[in-house]
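**Q** Next come the chains, spelled out residue by residue.
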Amino acid sequence: MLKTFPKGGLHVPDNKLSEKEAIQSINLPKTVQIPIAQHIGAPAKIIVERNDKVRTGQVIAKSSGFISANIHSPVTGTVTKIDTFLDSSGYKNPMVSIRVEEDNWIEEVDLSTEVNSEITVSKEEILQRIQNAGIVGLGGATFPSHIKLMVPEHAKAPEILLINGVECEPYLTADHRLMLEKPDEIIIGVQILMKALGVSRAAIGIENNKKDAIKILSERIKNIKGIEIVPLKVKYPQGGEKQLIKAIIKKEVPAGKLPLEVGAVVYNVGTTFAVYEAVQKNKPLIERVVTVTGKSLVKPSNFWVRIGTPIEHLLQAVGGVPENTGKIINGGPMMGKALKDYTVPVTKGTSGILLIPKEKSNRRPMQPCVRCAKCVDVCPMGLEPFLLMALSDNKLVERSKDDNILSCIECGSCSYICPSSRPLLDYIRLGKADVNKFLKSQKDGK
Amino acid sequence: MTDAILYTVGSLSGLGLVSAFVLFVVASKFKVYENPKIGQVEEMLPNSNCGGCGLPGCRPFAEALVEREDISDLFCPVGGNDVMKSISTFLGKDVAEKDPMVAVLRCNGTCEARPKVNTYDGAKSCKISAMTFAGDTGCDFGCDGHGDCVAVCDFDALYMDPVTHLPVVITDNCTACNACVLECPKNLFELRPKKKKDLKIYVACMNEDKAGIARKACSHACIACNKCVDVCPKDAITIENNVAYIHADLCTLCRKCAPVCPTNAIIETGFPPKKEKTEVAPAKVSTIEELKLN
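Protein chains in written order, with this note's numbering: chain R, 1159 to 1604; chain H, 263 to 556.
Heads up, a few of these hints could be off.
If the Cβ cut is set under 7 Å, some of the chain H residues that face chain R in the computed set are [stated by the list, open to error]: (1) 281; (2) 313; (3) 390.
With beta-carbon atoms standing in for the labels, derived distance ranges [what the hints assert, rightly or not]: (4) 322(H) x 1602(R): 19 to 25 Å; (5) 488(H) x 1500(R): 46 to 52 Å; (6) 1522(R) x 478(H): 32 to 38 Å; (7) 1553(R) x 373(H): 43 to 49 Å; (8) 1500(R) x 344(H): 35 to 41 Å; (9) 332(H) x 1500(R): 55 to 61 Å; (10) 416(H) x 1495(R): 48 to 54 Å; (11) 1520(R) x 332(H): 53 to 59 Å.
The set of hints was computed from the structure by calculation and includes no laboratory data.
Here the structure is a predicted model, which means the values were calculated and not measured.
C-beta: ideal position from N, C-alpha, C; glycine also.
Please model the entire structure based on the sequences and the hints provided.
**A** Shown next, in the form of structure tokens:
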């Protein structure tokens, strides 16, 4: 019996069209636009000026504040503009635009492709390197990675490191391909993180539809103590942080608390690979794997993409946008967001680009709620989405807070399952924003 | 027989007396004194419970009026000066006098002026749409047109124009309760003095983009060309973040600015049609280059 989380969840057709496609490099675009807010927390502070020459890997924006991350130039070239551009949020935000000239890395970076398996650096040095490399959670939440390693003094000591290789989001194959192609690096990354956290146990959770990845990683960990591979049942949203913890160590993270409360720290496999590169090769986070997929594409592919590359460039690489495309989604079909424009850049949180044909892209009209409670059944957090939607619509902020609206992980299962096509998640997001605003005003008031 | 009747009457009367005594003690012990003026003041108020005064409803407002010593910062926008004056004479306290205000929509991005660049098919709510993206037109600052303001208006003072997809304020119904101002996620509503006969001149644009981008997105966008600033004799117009703003307290309604606006972003209401220059110049300018030459 495979492990999984007990509450809710649903089975979505996984449509992993690009799982057999090796990760390809993509040629550099003519210009890159690098948003300075690619992570949760304070936006980085730009330290370059117009007409400055920058080299690949050079810091162009410094972390400003406790929760923040450095941003590096992904190319060598000239800064042409520092202005606001449209990004995947649908709004214009400050970005640094760089004209690409060549790809000349800064000297400190070890560009060799050999696997460096010896972990020589100290705990503090690991933390420092991860922070300098601007690593954030590549699973999508983009939370700065070094903060998870800084365990507060009074907090519980971490017991287990969990690596999230679930990739439950349909269509996306970026993490899957990475596990197949860079298994050694990922295992070393896990060991680095174990050392930094001071834990002796680690578990890599992989959904059972990636049997080849489970096999490859299991072979690699044969002689390593403390790491285990946990095959997980294929169920959405198995890759949610709290769902993964519940599935593997059978503990529930209390509402509003961090995973550390139950002694777990969770990293995505992509992040683990980035940690390996940062610590062993001194390489900052300037590229990531992006899946470009969709049923209408001739060849859905996985690419190594530099941060800041326009999505247009990726679409050209897969042979252009097919005519009947209705929506282009940044991310997967469940949690992703339709893009307003193709010119927006790839950021640290972009895991895939999905093209949906016109006939499937439109929402069905909203019908009245029939009280079937399917949304309650599928909610992996045990919430009542239909109720939260009503509360949010009626601006009952305090009640929605009491009904734990903030525990919602925005997985979209409720909106997916609703037979009346009600925009449950949209209203819950609105309610969450209102509750956060209310809590902030209360805090400020005191 | 008579014993039973006497016994019943006696015991019930005794029970009644004891209860009356208990109730009397409790009532006098836990008596809450309430100023009778509160009820009377509440009667004078419009009782629409709109929250326009900043307090949760008319009763709390009446309490505040009666209990606070200085009530010069309290004002009922719905009742206006008449109601406040009668309350002032009733309570013997000074109240503030304010010009009647009315809400205006600072966006004139009609469907013609502001073509759609993509389609939004999510929940029909401006707030949700604004959380998702900047809007389905090229303008990031304009009206989304899902009618959150219409839904929030307690006085039937707003309706959606089916042609332009913009909300329209019915000036006679608007009580300046501020609900739409707070509701609009794009912050497009503003309260402006109503003045006599509803004479108003205001800039109906909030687009903070640079001229070229703004003009491309909407033909009624303010392009911060400074023409209105130059022509204004009272220095009542300032430009901030690429948008002109007419300060109502300085504006004398001389109507010099509206005709010079190359994009028709300045709106006049309530004026009789001008005799000589009746036509407000339509947006002749087609490109930004031409604009700069002018």
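**Q** Look at each hint and say if it fits the structure.
**A** Against the structure, the hints:
For residue 281(H), the interface hint is violated, the least distance from its beta-carbon to any beta-carbon of chain R being 39 Å, above 7 Å. Given the 7 Å rule on beta carbons, the hint for residue 313(H) is violated: about 12 Å separates it from the nearest Cβ of chain R. At a threshold of 7 Å, the smallest CB-CB gap from residue 390(H) to chain R is about 5 Å, leaving the interface hint in force. For the hinted restraint 19 to 25 Å between residue 322(H) and residue 1602(R), the CB-CB distance of approximately 22 Å keeps it satisfied.
Range check, residue 488(H) to residue 1500(R): about 35 Å between beta-carbon atoms, so the 46 to 52 Å window is missed. At roughly 34 Å, the beta carbons of residue 1522(R) and residue 478(H) sit within the given window of 32 to 38 Å. Checking the proposed 43 to 49 Å range against residue 1553(R) and residue 373(H) shows it is violated: the Cβ atoms sit about 30 Å from each other. At roughly 58 Å, the beta-carbon separation of residue 1500(R) and residue 344(H) lies outside the given 35 to 41 Å, and the hint is violated.
A hinted range of 55 to 61 Å for the beta carbons of residue 332(H) and residue 1500(R) is consistent with their spacing of about 59 Å. Distance hint check for residue 416(H) and residue 1495(R): the Cβ-Cβ separation is about 34 Å, which falls outside the suggested range of 48 to 54 Å. Against the hinted window of 53 to 59 Å, the Cβ-Cβ separation of residue 1520(R) and residue 332(H) comes to about 58 Å, which satisfies the hint.
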